[in-house]
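Trainee: Chain B: place on chain A using the hints.
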Amino acid sequence: MFFHMVLERNMQLHPRYFGPHLHEKLTTKLVKDVEGTCSGKHGFVVAVTKVESIGKGLIREGTGFVTFPVKYQCVVFRPFRGEILEAVVTLVNKMGFFAEAGPVNIFVSNHLIPDDMEFQSGDIPNYTTSDGSVKIQKDSEVRLKIIGVRVDAAEIFCIGTIKDDFLGVINDPDATA
Amino acid sequence: MSAEEEENAAELKIGEEFLKAKCLMNCEVSLILDKKYEQLQNMSDDPLSQTSQVFEKSLQYVKRFSRYKNSETVKQVREVLSRNRLAEFELCVLGNLCPETVEEAIAMVPTIKSKGRFQDDDAIDKMLRDLSLIKKFE
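Here the protein sequences come in this chain order: A and B. Our numbering puts the first residue of the first sequence at 1, with every later residue one more than the last. Our numbering puts the first residue of the second sequence at 1001, with every later residue one more than the last.
Extracted from the complex, chain A is given alone in its bound form (with noise of 0.2 Å):
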């Protein structure tokens, strides 16, 4: 699930650009060191949308560095255990299917595949019904629900199911129950 939200992080700036540009040098910076990465609190941080406050800086002892405390809005990807998402399948094999929603991978082993899925192998394995209406392969977009999340230093993985009612392939416009 994509949140708003107001984010603090300590911003540490050499004195070489203490000069007419500083708040922008810290802007800069800031949405380099903190777009695009992961941590186990907020999830992925996908962009900053806007620096609420720059507060006083703080001269360390010994350096000379001036530390700035910033607030800053952005907005954050986090899966949460128990959430339904839709996504879309990366990689099938005889364990499971990958998906990805977003900048998350997601597995779902085969125990949690329906039982009247079969895994079908050859040049583009999937799993199919046995009257073959519905399948699963490479670019199929399912709705799947978040069992199991996991931080990995600067990554999120997580472990899903399709075996609930109102979950799997997504046919548009019918939705298969």
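Don't take every hint at face value.
Below, a list of computed lysine to any residue pairs in the SDA-like style, where the Cα atoms sit at most 25 Å apart [said to hold, decoys possible]: (1) K50(A) to S1044(B); (2) K1013(B) to D115(A); (3) K1057(B) to G57(A); (4) K1063(B) to I156(A); (5) K71(A) to S1052(B); (6) K1075(B) to I147(A); (7) K163(A) to P1110(B); (8) K1113(B) to E86(A); (9) K1013(B) to D164(A); (10) K1057(B) to I147(A); (11) K32(A) to K1075(B); (12) K1063(B) to G82(A).
No lab work stands behind these hints: they were computed from the structure. Keep in mind it's a predicted model, so treat the numbers as computed, not measured.
Mentor: For chain B alone, kept in the frame of chain A given last:
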């Protein structure tokens, strides 16, 4: 709270910070990221070099999974959903998945049945029908 173990979006247990934060539907994020991308295009010849992979993947994702395309309709959708006493998170899941039946809506957002916010299923049905009307006339 031992975060990872107790967290459960199906029960709206997503932590104080996120419960209070503004939630965004995919269509709203699409408008925000488009604007940002435009700003980057105006400032440099090669906007893609300024964006992270996270940004690009998110942009592709919201463009693909936005049910509503223009900003007027997006505003209407939020307005229709806000008429009911929904939490931000619940509102956005409904706006993203656009369930067609009451049964589906309850499966997607189990918490709408709790706390007596909807007198009965008809109230939920009305909300879903209002939502699908917007899509029809987009």
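Trainee: Does each hint hold? Answer for all of them.
Mentor: Taking the hints in turn, this is what the structure says about them:
1. K50(A) to S1044(B): The hint holds at about 19 Å.
2. K1013(B) to D115(A): violated, 30 Å
3. K1057(B) to G57(A): Roughly 35 Å separates the two Cα atoms, so the pair is violated.
4. K1063(B) to I156(A): holds, 22 Å
5. K71(A) to S1052(B): Holds: K71(A) and S1052(B) sit about 21 Å apart, inside 25 Å.
6. K1075(B) to I147(A): Since the Cα atoms of K1075(B) and I147(A) sit roughly 31 Å apart, the hinted pair is violated (cutoff 25 Å).
7. K163(A) to P1110(B): Roughly 16 Å separates the two Cα atoms, so the pair holds.
8. K1113(B) to E86(A): Cα-Cα ~22 Å, so holds.
9. K1013(B) to D164(A): Holds: K1013(B) and D164(A) sit about 20 Å apart, inside 25 Å.
10. K1057(B) to I147(A): holds, 22 Å
11. K32(A) to K1075(B): violated, 31 Å
12. K1063(B) to G82(A): Satisfied, since the Cα-Cα distance of roughly 24 Å is no more than 25 Å.
Violated hints for the displayed structure, listed by number in ascending order: 2, 3, 6 and 11.
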